[in-house]
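Given the structure of chain A, go ahead and fit chain B onto it with the hints provided.
As given, the protein sequences belong to chains A and B, one line each in that order.
Taking this note's numbering, the leading residue of the first sequence gets 1, the next gets one more, and so forth.
Taking this note's numbering, the leading residue of the second sequence gets 434, the next gets one more, and so forth.
Among the hints, a few may not be true.
As the list claims (entries may be wrong) - Using 25 Å as the maximum straight-line C-alpha spacing, the simulated PhoX-like pairs for lysine-lysine come out as follows:
id : chain 1 : residue 1 : chain 2 : residue 2
1  : A       : K71       : A       : K215
2  : B       : K574      : B       : K614
3  : B       : K663      : B       : K728
4  : A       : K332      : B       : K574
5  : B       : K485      : A       : K334
6  : B       : K485      : B       : K614
7  : B       : K574      : A       : K335
8  : B       : K728      : A       : K71
9  : B       : K561      : B       : K486
10 : B       : K561      : B       : K574
11 : B       : K486      : B       : K614
12 : B       : K614      : B       : K561
13 : A       : K433      : B       : K663
14 : B       : K486      : B       : K663
15 : B       : K663      : B       : K485
None of these hints come from the bench; they were simulated from the model.
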Amino acid sequence: MPVKLPTPNFQISHHTLENGLRVVISPDRSAPVVGIAVLYDVGFRSEPEGRTGFAHLFEHLMFQGSVTLEKLEHFRYVESSGGMFNGSTHFDYTNYFEALPSNALERGLFLEADRMRGPRITEENLANQLDVVKNEIRVNVLNTPYGGFPWLYLPAVLFDTFANSHNGYGDFADLESATTEDARDFFQRYYAPGNAVLAVVGDVDVEATVAMIEKHFASIRKRRAPKRPDFGEPGLSAERHDTHDDPHAPIPAVAIGYRVPDPVGRLDDLLATQLLVEVLGEGDASRLQRRLVQQDGLVTDIAAYVGEFGDPFDERDPTALTISAHYPPGSKLKKILRAIDEELARVAEDGLESGELDRVRARQASVLVRDLDAVISRALEFAKFELLHGRAELIAELPARLAAVTDDDVRKAAAELRPENRAVLELVAGGAK
Amino acid sequence: MTATVPALTEPRAPRKLRSTDAVLDNGLTVVAVRKPGVPLVEVRLRMPFLSKKPAHPGQAGLLAETILTGAGGLDRAELAARIQALGGHLSAGVDADRLVITGNVLATNLRRLLDVVASVLVEPAYNKADVTTERSRLVEKLTVARARPGVVANEALAVRMFGDHPYARDLAQPDAVAAVKPTHLRALHAAQVVPQDAVLVLVGDLTPARMVEHARAALAGWTGTSADSKVPALPEPPGGAVQIIDRSGSVQSTLRMARLGLTRTDPDYPALHLANLIFGGYFTSRWTENLREDKGYTYGPHSRIEHHVLGSTLSLSMEMQSEVTGPALLETLYELGRITSLPVTAAEVTAVQQYAVGILSLSTATQAGLASTLSGLFPFGLGLDWIAALPALLRQATVEDVSAVAARFFGPAGFTSVIVGDAASITRPLAALVPVES
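Chain A with its partners taken away, still in its complex shape (with noise of 0.2 Å):
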C-alpha cells in the first residue's frame, strides 16, 4: 500500500543584519512556547593542532558570563523565565539554545546577543570549566564501557587530515595547556556576527520579532568572517585496520566507516544513502538485523547511519557512513564482516525486494517530521540547515526528495562501499571476565 509522504509546511522568513548575522523566524503560534538557537560556524575540525578538544571547551566558556552578566546570570535568567538551555559541540559547527514560554522571547535573544558581543574570559572560569570538561570526558568516556566509541575514535582511521581525524573531545594535555589567550583568539576568529545563523520559532510576530533582534545585536560590531577552508579528502585506496582498547567493555565490538558523498553538493546521492542504512540496519525487517543478529547469531546488535553521530544532515564534506556491532567473543570479526559484504552485495546486484523502498520511506519520512514536533527542535534544524546547506526550507522538501530516490539509486550507494573503501575499528573488550 503506497504511503502518502507527510510534507511539512513551515512559513518561514528570512532576515540579514548589517553585521552579518543570518536570521531565521518561522511562527506557530500553536503553544505558548518559543525556541530560540544561534549556530557559529566552527566545530572540532577548526581546533588548531596541539588543542583538540577546545571548541569545545570554548562551548563551555560562553556559559560563564558575558558583557553584561555575572558568571552563573545566564542560567539563572533562562532558568527561572521557566525555560531551558544547552550547547552542544559538532564537527562542522556549535550550537547555543533555549526553550521558553513565549513571554521570555526579548530576554531570551539578549542573552544570546550579550554572549555574542563578548563571553567572560577569566582565569578562574577557564580552570573551573576544564575540571568540568574532564569530568565530561571521565562520565562519558574514560569510566563506562564503550565511551566515545566509535565516535571519538573511527575519524582516526578513515581520515588522513587533522582536522577530520583528531578526537573532538580532546586530549587531557591539549585541554589542560588552553590559555584564556586561546579562548579570546578563538572568539575573535570565530564568533563573528557575519559567522553564525540565529533562528526563532515558535509563539512570535515575525515583525515584532525582527525588531528585537535588530534592538539586541545590530550593535554587534561586524568582523570578518573566517574564510571555511575545504576539509574535502581523497577517497581510499585500501581498507584500513585499526583496534582500540577498552578497558571497561565486557564483551567486542567493531566500527566500520565508509568514506560517503559530500553530504551538501551532492544531497541526493546522500538520501539515497541515507535510504540504504534505514534498508540496512533499521528495525527487525532490515537486511543486517535478519542477516546477522536473527538468522546467523553473529552479533548481539547491529546499526547503521550516516553522520558521526547518526544524523546525515549534521556534517559538511567529508562524512562517513558507519556499520557498528556487538558480538559475543566467540564470533569472529572475519565471519561479521564476510556477512556485512555479502548483504551490501545483495542489495547491490539484486536491488531491493518489492515494498521495501516505501517502507523505509515512509518511516524515514515520519521520523524527519517527528523530529520537528518541538519548537526548539524545529529552530536547530532549520539554524542547521540554512548553516550547512544554504537554506531552511530545503528541511520541508526533503519528503519530496526522498521520493525521488529510486531502487537503482540504493543500488549503487550499496555498490560504493567496497572494502577498499572503509576503514575497520575492531574494539577489544579488557573488561571480558
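Frame of chain A; chain B shown alone:
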C-alpha cells in the same frame, strides 16, 4: 541582577486541548488527546506488571524483548515491515511496575497500527527460534549494562533500600533469563498482558472521538482480567553507613543516595517538588552551583523525585573525579544540612516556581512528551486536569512550606547511600567523614 535584561512580558495561556477518556467493554481505558503539530499520533499502551514471583524479572525482561517478534501469522521481519510501511514504529519496555508498548505512526494510519498492536496482544508468536536468539542477546545486554558504574550503583542502592522486595530485583539476572522458555512467556502474557487496568494513550493530529473509535474497533477482541497480584508495601529504607562498592581503577566515583519521598497527590508534594529543585533538581540549584560551577568536582549532580506505583523516592546522583570523592561528599553533606537547617529564600522559591511551571508546559508541548506524561500519570488516577491544576498549586507554596518540607526530607541521616569507585583510594577519605561499610 542587571537592569538591562528585558523583563518578562504577560504570559499567554496555553490552548485548551480537546480530549476524551473512554473505558472499552474489555476494561481497557483509552485516553485520546487531539494535539496538532505534526501529522502523527503517539501511542502508549501501559499494563501493570508488578509481581512478587522470583522468576518474574527474568520472564518479564525477555517478554519485552520478544513480544514484537511475530504475531497473527506474520513472522518477525514481516511484522516489522508491516509497521514500517505505515510510517510507524513500535517498541516494548518493562520495569518492576509496568510493561509499555510505545509507538508512533502517521495519523492516517493509526487504525492500521492499532490492528497490528491487537495482533501482538491477542496472537503473539513467541516462537522457539526468536526466543532463543533474544535470550542470548538479553544475557549479553545485561552483562554490558552491569559494566556501567551507574547501573551497578543503582542496583546496589535498590537492594540496600528495599531488600528482597520486587523493586530491588528490577533488572533481571542472567541465569534467570537463561532459564526462560516460550511456555513461560505465553503464560505470563496470558496472565498479565490483559486490558483490565491497562491504559492506551493516544496523542496526535486526529479528533479524540476518531481515535477512540479506532481503538474500540481494533482492540475489542483483546480480553482478560488481571490476576490478583499481591505485592508487599515498600519497606522503609534503612539509611545507615555509606556502602562502598569496589570498581578498581575507576577514574570517577559514582554516588547514589535515596529515601522515600511524597506522591503527587500529597498536599506537601508541590513544596517538596520545589525544595528538590532548589537543592539539586535544576542547573541553578545549590548543589550544581557549588559542586560544578564553583568546585569543578563533577560534570553534573542531579536530584530528582521519582514516582513508582508503590511509592515515590527522592534520589541524588553524582559522578565525581576519584581524587575529590571525600570533598565532594563533604560539600554534598553541607548542602543537605544547609537546606535542612536554614530557611530557603523567597528569590529561590520564586525562581523554581517559574521554572517548574515553564518546564511542565515545555514537556507537554509535544505529542510524544504529552503522551508519555499521561501514560505515567494514569496509574495514580491523574491526567490532563492534574497537569492543568499543578501550576496554581506550585505558586501557592510559600517559603515556609518549602523550608518545612526541606527540613523533613533532606536531612543526610534519612538517606541510604552507596558509592561505586576505586575502594583502595576512596575508602579512607570517606571514612573520615561518615560511617562506611563494604
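Handout entry: Agreement of A/K332 and B/K574 with the hint, judged by alpha carbon distance not exceeding 25 Å
Key = Roughly 19 Å separates the two Cα atoms, so the pair holds.
Handout entry: Pair hint outcome, B/K663 versus B/K728 [Cα-Cα no greater than 25 Å]
Key = 48 Å, violated
Exercise for the section: Please work out if B/K574 and B/K614 have their alpha carbons no farther apart than 25 Å. Expected result: Status holds; Cα separation ~18 Å.
Exercise for the section: With a cut-off of 25 Å on the C-alpha distance, tell me whether B/K663 and B/K485 pass. Expected result: 7 Å, holds
Exercise for the section: Verify the proposed pairing of B/K728 with A/K71, using a straight-line Cα cut of 25 Å. Expected result: Roughly 14 Å between the alpha carbons, so the hint for B/K728 and A/K71 holds.
Handout entry: Satisfaction of hint between B/K486 and B/K561, Cα-Cα up to 25 Å
Key = 24 Å, holds
Practice task
For the pair we were handed, B/K574 and A/K335, check the Cα-Cα distance against 25 Å.
Solution key: 21 Å, holds
Problem - Agreement of B/K485 and A/K334 with the hint, judged by alpha carbon distance not exceeding 25 Å - result: Given that 25 Å is the threshold and the Cα spacing comes to 45 Å, the pair is violated.
Practice task
Assess, step by step, whether the Cα of B/K485 is no farther than 25 Å from the Cα of B/K614, and give holds or violated.
Solution key: 19 Å, holds
Exercise for the section: For the pair we were handed, B/K486 and B/K663, check the Cα-Cα distance against 25 Å. Expected result: Judged against 25 Å, a Cα distance of about 10 Å means the pair holds.
Exercise for the section: Compare the distance between the alpha carbons of B/K486 and B/K614 with 25 Å, and conclude whether the hinted pair is satisfied. Expected result: Within the cut-off at roughly 16 Å; holds.
Problem - Restraint check for A/K71 with A/K215, where alpha carbons must lie at most 25 Å apart - result: Judged against 25 Å, a Cα distance of about 24 Å means the pair holds.
When the structure is compared with the earlier hints, violations turn up for hints 3, 5 and 13 and for no others.
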